[in-house]
Amino acid sequence: MVLDVNSLVDADAGLISRRIFIEDDIYQEELERIFARCWLFLCHESQIPNPGDFLTTYMGEDSVLVIRDTSGKIGAFLNVCAHRGNRLCRADNGNASAFTCAYHGWTYGNNGDLQGVPNLKDAYYDDLDRTKWGLISVAQLDTYKGLVFATFDNNAPSLTDYLGEMAWYLDCFFDRREGGVEVVGGVHKWIIPCNWKLPAENFGGDAYHVAWNHLSALTSGFTQAPAARQTLGGGTISPGNGHCILAVGADDYAAAPVEIIQEYEESIRAETVERLGRRLLKMTPNVGTLFPHMSFLRGSSRSFRVWHPKGPDKIEVISCQFVDKAAPPEVKEALRVTGLRAFGPSGVLEQDDMDNWEECTRINRGAVTRRYALNYQMGLGHDSFDDGLGGWSSDFRISDSNPRHFYRRWASLMQADTWDQV
Amino acid sequence: MKDETLREVEQFLYKEARLLDSRRFSEWLELFSDDLRYWMPTRSNRYPVNSKAISILDASRYEEEEVSDEDELALMEETKDTLERRVARLDTGMAWAEDPPSRTRHIITNIEVDAAGSADQLRVYSNFVMYRNRSETDQDFYVGSREDVLRREGGQLRISSRKIVLDQNVLLAKNLSNFF
Numbered sequence: 036m037v038l039d040v041n042s043l044v045d046a047d048a049g050l051i052s053r054r055i056f057i058e059d060d061i062y063q064e065e066l067e068r069i070f071a072r073c074w075l076f077l078c079h080e081s082q083i084p085n086p087g088d089f090l091t092t093y094m095g096e097d098s099v100l101v102i103r104d105t106s107g108k109i110g111a112f113l114n115v116c117a118h119r120g121n122r123l124c125r126a127d128n129g130n131a132s133a134f135t136c137a138y139h140g141w142t143y144g145n146n147g148d149l150q151g152v153p154n155l156k157d158a159y160y161d162d163l164d165r166t167k168w169g170l171i172s173v174a175q176l177d178t179y180k181g182l183v184f185a186t187f188d189n190n191a192p193s194l195t196d197y198l199g200e201m202a203w204y205l206d207c208f209f210d211r212r213e214g215g216v217e218v219v220g221g222v223h224k225w226i227i228p229c230n231w232k233l234p235a236e237n238f239g240g241d242a243y244h245v246a247w248n249h250l251s252a253l254t255s256g257f258t259q260a261p262a263a264r265q266t267l268g269g270g271t272i273s274p275g276n277g278h279c280i281l282a283v284g285a286d287d288y289a290a291a292p293v294e295i296i297q298e299y300e301e302s303i304r305a306e307t308v309e310r311l312g313r314r315l316l317k318m319t320p321n322v323g324t325l326f327p328h329m330s331f332l333r334g335s336s337r338s339f340r341v342w343h344p345k346g347p348d349k350i351e352v353i354s355c356q357f358v359d360k361a362a363p364p365e366v367k368e369a370l371r372v373t374g375l376r377a378f379g380p381s382g383v384l385e386q387d388d389m390d391n392w393e394e395c396t397r398i399n400r401g402a403v404t405r406r407y408a409l410n411y412q413m414g415l416g417h418d419s420f421d422d423g424l425g426g427w428s429s430d431f432r433i434s435d436s437n438p439r440h441f442y443r444r445w446a447s448l449m450q451a452d453t454w455d456q457v
Numbered sequence: 606m607k608d609e610t611l612r613e614v615e616q617f618l619y620k621e622a623r624l625l626d627s628r629r630f631s632e633w634l635e636l637f638s639d640d641l642r643y644w645m646p647t648r649s650n651r652y653p654v655n656s657k658a659i660s661i662l663d664a665s666r667y668e669e670e671e672v673s674d675e676d677e678l679a680l681m682e683e684t685k686d687t688l689e690r691r692v693a694r695l696d697t698g699m700a701w702a703e704d705p706p707s708r709t710r711h712i713i714t715n716i717e718v719d720a721a722g723s724a725d726q727l728r729v730y731s732n733f734v735m736y737r738n739r740s741e742t743d744q745d746f747y748v749g750s751r752e753d754v755l756r757r758e759g760g761q762l763r764i765s766s767r768k769i770v771l772d773q774n775v776l777l778a779k780n781l782s783n784f785f
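Respectively, the protein sequence lines represent chains A and B. When the letters of the first sequence are read in order and numbered with the working numbering, they come out as residues 36 to 457. When the letters of the second sequence are read in order and numbered with the working numbering, they come out as residues 606 to 785.
Hints listed in this document are in silico derivations from the structure and should not be mistaken for laboratory results. Just so we're clear, the structure is a prediction, and the values are computed from it rather than from any experiment. Beta carbons: idealized from backbone N, C-alpha and C, even for Gly. Don't take each hint at face value.
Lysine-lysine pairs mimicking BS3-like chemistry, simulated, CA-CA at most 25 Å apart [stated by the list, open to error]:
1. A/Lys180 x A/Lys108
2. A/Lys317 x A/Lys180
3. B/Lys620 x B/Lys607
4. A/Lys180 x A/Lys360
5. A/Lys367 x B/Lys685
6. A/Lys156 x B/Lys657
7. A/Lys367 x B/Lys768
To list a few chain A residues with every Cβ distance to chain B over 12 Å, as calculated [stated by the list, open to error]:
8. Asp60
9. Lys180
10. Ala191
11. Glu213
12. Leu253
13. Glu294
14. Ile296
15. Arg314
16. Lys317
17. Pro380
18. Thr404
19. Asn410
20. His417
21. Asp455
Make a model of the complete structure from these sequences and hints.
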């Protein structure tokens, strides 16, 4: 299929076609051109700290097994038996030296090697090259500050190049203090009948919806109302490659209205500025999306999540909470309970988002509805490249500048046959 | 357990279900004691230690328990105060997940009543099917078990602790905007 991408995304005019949120042809191209090529987030190292630790997740719609092997090295493989294509591991996580397929009993080591094949001598006549039938590995795997990423594309740029200036912004969430962060035990997993780009652009650039969509949570004491903030600073930042960051003002901790958490933020302020640099005096990054579909926030909850696509109109969210490793236990506990009440399936902020994203998706089934472009024109011409921030930044804190950069990157990848063309 | 107590507990739980399904949330809140702990853990898929699907490398660290621990993420972990604030939020006219509101039906079954340490406390087990229909075609079935501690306060039974174990791994609903 040849997609006329230019008819779908006109970032300069701030017009985005509704077709990209519902049409299966476009979605299938996304699986190939975006999810099978980009660096995708797998997990945090602290979720698989010891030899043999594993977890299962997704890259696009591909089921993936992430394992720290017996020697301590992290690998990621298609979670698929090479023989008849059965899903190999059915557990969310655990610890193993080897995995055995439930169908015919092929056994793979935790480094992906095919170790055992029943009836190898009598049925295969010892004529099977086991080195050719191991688990299928990702093309590249790398980590940044404890965050594990992989890509299925040998030709993808290095993770360092892919992150670019976004690396510093990740530090503002995951490396504010010595030791970085650790992940709270357990995960939230749930299904939302929406297109994956809606939550990705929401976390990446939608400061607009907060004061309306979330007003009920703001006024019932679950998070800080904008009016209660010391300033209304901050802005939207696009550090390149489609990555997006939202920031509040520099003197705003972007933390839940809980005394122990606010005091903690106050107490580490000087230390984080020292560690991360004086750019932090310009604004406090508090939400973001790493292109294409990993989002994170450090506000009323400290969460990272991936919006795993399950068709044009469905996602599975896998969401975890993180805390500064160096934080005192009572602060970690306060962050855990405050966070899960705000974000997650029952989160008083997030539950309203999900309902809106579903309706924004399903409505596009209408053939006539689909003819009318969506409006991403807020702040057109009122953003510029800010050398101090290392990215495109909006003049006002609320703007569609970030989603325009997000969809520009999306369109570029959807058209490019090679990374040189992106 | 005396028949009279069993009947009293049954009627208490049925009334609670009726209050929820008729969205009389302020009256529902009165059924809880001030020191309430209301907890809905998550469920994970784990191979049991005797599974032949994996060879465990480090048995000393292996955990087969699939209900999340108390210090881990939960689907809900509420106090009386946060439940009150959740109800207050519904009254703002801007709680979009419940606007228009869900149509719910709580079916409460398999009620067992045990003594719970002291004379004024009861441990109550029950199963639930909670059907939620909303908007045009939204439909969710939440099925699971509850373990409550009921305490007699001034002649009234009140729930001081509720553990809700939902029988799902990936939550199949888009959100949890109702109570259990």
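Which numbered hints fail: 12 and 17
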